[in-house]
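Participant: Each chain, written out:
There are 2 protein chains.
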Amino acid sequence: MAEEEGEWLPQPDVDDIELVKVLHALGDPVRLSLLKVYSTGRHFSCAPDALGLPHLHKSTVSHHLKIMREAGLTSTRASGRNRYVELRRADLDARFPGLLDAVINALPHQAVSGK
Amino acid sequence: MAEEEGEWLPQPDVDDIELVKVLHALGDPVRLSLLKVYSTGRHFSCAPDALGLPHLHKSTVSHHLKIMREAGLTSTRASGRNRYVELRRADLDARFPGLLDAVINALPHQAVSGK
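Chains as they are written, first to last, in my numbering: chain A, 1 to 115; chain B, 1 to 115.
I should point out that these hints are in silico values taken from the structure, not numbers from a laboratory. It cannot be assumed that every hint is accurate.
Note that the list lumps identical chains together, so a pair holds whenever it fits in one copy or between two copies.
[Claimed, not checked] Mimicking BS3-like on lysine-lysine, the simulated pairs with C-alpha atoms at most 27 Å apart in a straight line are: (1) Lys58 - Lys36; (2) Lys66 - Lys21; (3) Lys21 - Lys58; (4) Lys36 - Lys21.
None of the values given here were measured: they were computed from a predicted structure.
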């Protein structure tokens with residue numbers, strides 16, 4: 001299927017996902033904003049406007065997405081100029097039960113300005 | 001009671017504890033090591049040896065404890081030269097249900113070298 005074409009960018013295997021890297025990746029306001037976006041499902045664009053972060057440069061968003069992917073929070077498939085990003089919910093739930101849900105449930109407490 | 005003497009160092013009120021600061025405070029190997037220590041109960045010494053972090057300087061440990069306290073993870077009471085540190089379990093459970101338990105339960109996955 002066309003939707004599955006493209007190249008998956010490097011990410012850690014589930015058993016290699018490290019707690020400290022996941023927490024570090026989450027401990028940033030922009031990345032919590034991105035978590036909020038991706039917690040709603042796969043997202044097809046990395047354009048700052050589309051992600052609700054119009055005040056950020058595209059390269060800044062890419063930088064944060066790279067940190068999230070390398071920590072094991074997200075998967076990214078590159079197809080042409082598009083990036084398909086999704087949370088690794090099942091992997092994270094298997095590795096650190098309850099962690100992602102607790103963070104996502106706490107997001108309403110978080111001022112998600114993405115400064 | 002003598003045990004309750006001393007001065008509580010500044011910390012945020014429970015309603016002012018911010019998710020991003022808590023996650024940032026947790027996203028560090030030394031601070032996860034300290035979390036592991038304090039998750040077992042109140043601890044009476046901040047000496048690196050007593051905390052299982054003999055390779056760290058006392059000032060380094062103090063720096064990390066300050067970040068944890070200011071994020072709302074821990075309370076610290078100063079009495080003379082002693083520091084009494086404890087996790088703010090009830091406050092964190094009230095503010096971000098399930099978060100602290102998920103992190104503590106995930107600690108065995110964490111290489112707690114405290115480098």
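Participant: Would you mind marking each hint as holding or not holding in the structure?
Facilitator: Status of the hints after comparison with the structure:
1. In this homomeric assembly, Lys58 and Lys36 come within 27 Å of each other (Cα to Cα) only inside a single copy, at 18 Å, whereas the closest approach across copies is 38 Å.
2. For the identical chains of this complex, Lys66 and Lys21 are neighbours both inside a copy (12 Å) and across copies (21 Å), given an alpha-carbon limit of 27 Å.
3. Taking CA atoms no more than 27 Å apart as the test, Lys21 paired with Lys58 passes in both settings, with 23 Å inside one copy and 25 Å between copies.
4. Proximity of Lys36 to Lys21 under the C-alpha cut-off of 27 Å is found in both arrangements, the shortest distances being 18 Å within a copy and 16 Å between copies.
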